[in-house]
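Student: Input sequences plus hints: build the corresponding full structure.
What follows is each chain in one-letter form.
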Amino acid sequence: MQSKRRFQWAMLTPVILLLIGLTVFPVVYTISNSFTDYYYLASDGKKFIGLDNYVKVVQDEVFRQAVWNTVKFMLLAVSLETALGLAIAVLIDSLKKGAKFLRVSLLIPSLLPPVTVALIWQMMLSNHNGIINHMLAWFGAGPFNFLMDIHIAFNAILFIDIWQWTPFAFLLLYAGLQAVPRSQYEAAKVDGAGKLRIFTHITLPNIMPTLLLVILLRTIDTFRLFDKVNILTGGGPANSTTTITQYIYRHGVYNLQIGYGAAASIIMVALVLVFSVIYIKRSLGGNEHEMRR
Amino acid sequence: MRKRIVIMLSLTLAASIFTGCQSNTQSGAQSNGQSTNQTNSESNSSANNQSKSEGKLVVAARGGSHVAAMEAVKAEFEQAHHAKIEIIGLEAADLKQKISLDAKNKNGAYDLIMADDPWMPEFSEAGIFANLSELGVEADADFEESSLALGKHPYGTGDLYALPFSGNVQLFFYNKQLLDSYSEEVPQSWEEVLEIANKVHAEGGLTGYVIRGQQGNPIVSDFLPIFWAYGGQVFDENWSAQVDSEAGRQALDTYSKLLAVGANYETTDIVSSVSEGRAAMALGWPSWFITGETASAEYAPIPSKATADGQAASTGMIGNWMMGVTANSQNQELAADFLSFITSSETQKKMVEHGGVPTRKSVYLDSELAAKYKHFPVQLEALQNSVARPRTAKWSRVEEALGVELSAAIAGTKSIEAALADANEAINQIMQ
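Taken in sequence, the protein lines are chains S and V.
Its first residue numbered 0, the first sequence is counted upward by one per residue in numbering that gives the first Met the number 0.
Its first residue numbered 0, the second sequence is counted upward by one per residue in numbering that gives the first Met the number 0.
Derived by calculation from the structure, the hints in this document are not laboratory data.
The structure displayed is predicted, hence computed values, not measured ones.
Here a beta-carbon is modelled for each residue, glycine too, at the ideal position from N, C-alpha and C.
You may find that some hints are simply not true.
Stated by the list, open to error - 27 Å max Cα-Cα, derived DSS-like pairs, lysine-lysine:
1. K55/S to K413/V
2. K393/V to K103/V
3. K349/V to K175/V
4. K45/S to K103/V
As the list claims (entries may be wrong) - Simulated DEER-style distance windows between Cβ atoms:
5. R5/S to E77/V: 52 to 60 Å
6. F24/S to E236/V: 54 to 62 Å
7. P376/V to L21/S: 55 to 63 Å
8. F158/S to E90/V: 21 to 29 Å
9. V27/S to A326/V: 25 to 33 Å
10. E77/V to A140/S: 54 to 62 Å
Tutor: So this is what it looks like as structure tokens:
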């Protein structure tokens, strides 16, 4: 028994060390920095300043705007990407021909790095040389200043994110659909259920875990929105596209205000946890239930 | 037996991970606790080992034409010194971050670094640069004075820490054909700029003036020359913010009016719209419009007065890229030699053909080059009358705060008065 336990610990040791080195230490270090006035290039040491950084971050109008933008972006992007991904998955699942081709071609945008996507769209959305404004001109519309107009910039970035990540939602949901037992559909059809009823009573309950996973993954990812904003708008115009990660980058990385950036990061982690708590609770609840059984 | 072997293997693996972490701890502890610095630390040691054994220098540079120009001329130095020069081109924000993170390492990854001139106070105060005078690098009088002053700490009077590598200075760009078609001369005041912009917009339905209003550095660089022309200063002598002033309100009002009959574009669109005659005027940096011997638009010094009978002020913002030897370079003497070589008159003349922007008067006044590059006289004049952004180590943060408020004012989410008042308050908080 003892030898088995030793063996278990020996197997776990590398993972535990990795976890401590790559996760626990950075988190603890970030938390401790958030209570200091740590400026990376300062010649004197960092001083403990209590909750000052947190107070300043919360009082900063730009941070509050960044939080609102991030939450708004997250709600819109996650719901639209999930809904569109589900619709496309159901559509392709029902196709008898061309499903393979569509499956592969739809995935292309999500295979591109976000920086590449941002640079491609920057060129396409250009006022004078961009293909989008050229195409709109054929229909007598535009030109639109997509990235500098306060009424359009946020929506432009939202659209680009939906374009890139809907295929990811589609991929997971399509995989979920493949796992739904066909016998349930056949039984429902025999019982005379319509398409809507089959969808709401068979498809949706069966793919619910996948659906929640998509929502969780996209929630976490949209909360980290950075590359597109930093390249396309720099957070403007008038902070209308500033996100929390961009705020942290500007203060903590570019201006090297490590203590201040750390405080903003901890607040962001807390916010992500708030939005992920439903899923986490559900996961933990499921495990407890299984354990009790 | 098998179990024991597995246990031994896993313990060895754990020990190696622990040892690996420990070797990086020194630099990691100095960093923000993230992996970036560990990567730096690794690249440092490899770069330094090579520096020592092969006489290799690593230059952290702003990507683009600067790198192309250096690459074109470095072979001569490499042959003469039996050295290898590696030039790493980086985007501006990335360059600043990498230089800063590397500064805390005992053995620096970079022997020479390029720095945008507003970074100089912050980098000099942090001890990132080696003192060039101690390395025997002379600040000879051939460098344009306004450029040379940027490399000294304190500004203009202190020791020399960097030499001017690229002599960028803001200019006024306009489409001559368009202005001729409206019988207009190059404007000498911002009042005239606004008049012409109104005329071009009203009569021709074209863009009168293009602003570069992206939040952050672009809008601040684009606005400050107008602010200076109206007699404004970002700080008074006690480093108290002065943007919320009559000059500030008038300048921002003019800026908003120019936008009303113009457009707000990023760099590529500014260049194409002015060059192709869809827009009349804009401010810009020479490297945007002038490639090699040709320019896609006409250029002039930035109007120095608010009104025709107003008082003239220096308005051409200097935006030099400086180069210095790092304090943690393990090859400082060779690095200093390369710095002298790359900023020498002969090398600058050669680099001009590859997109280099001179910082020496002798290069601008070279008759052969002046005949070939028509913009040289205007650019030298602009450099001589240029004005530097405030020399404070906190400029990046000040620029950030001012940029946010200027962006809000032109987007209409804040009134001019409210935006300037908020900018003033934010800047004063930063300067405390």
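Student: Between P376/V and L21/S, is the Cβ distance one that fits in 55 to 63 Å?
Tutor: The hinted range 55 to 63 Å holds for P376/V and L21/S, with Cβ atoms some 58 Å apart.
Student: Evaluate the given range 21 to 29 Å for the C-beta pair formed by F158/S and E90/V.
Tutor: The hinted range 21 to 29 Å holds for F158/S and E90/V, with Cβ atoms some 25 Å apart.
Student: Evaluate the given range 54 to 62 Å for the C-beta pair formed by F24/S and E236/V.
Tutor: 47 Å, violated
Student: Taking the beta carbons of V27/S and A326/V, is their distance inside 25 to 33 Å?
Tutor: 31 Å, holds
Student: R5/S and E77/V, beta-carbon distance inside 52 to 60 Å?
Tutor: This hint holds: roughly 59 Å between Cβ atoms.
Student: Note whether the CB distance of E77/V and A140/S lies within 54 to 62 Å or breaks it.
Tutor: At roughly 56 Å between Cβ atoms, A140/S and E77/V fall inside 54 to 62 Å, so the hint holds.
Student: K393/V and K103/V: Cα distance at most 27 Å?
Tutor: 19 Å, holds
Student: Has the given pair, K55/S with K413/V, been kept, meaning a C-alpha gap of at most 27 Å?
Tutor: 22 Å, holds
Student: Take a quick look at whether K45/S and K103/V sit within 27 Å of each other, Cα to Cα.
Tutor: Satisfied, since the Cα-Cα distance of roughly 14 Å is no more than 27 Å.
Student: Is K349/V within 27 Å of K175/V, Cα to Cα?
Tutor: Violated, at about 30 Å.
Violation of the numbered hints given earlier is confined to hints 3, 6; the remaining hints are satisfied by the structure.
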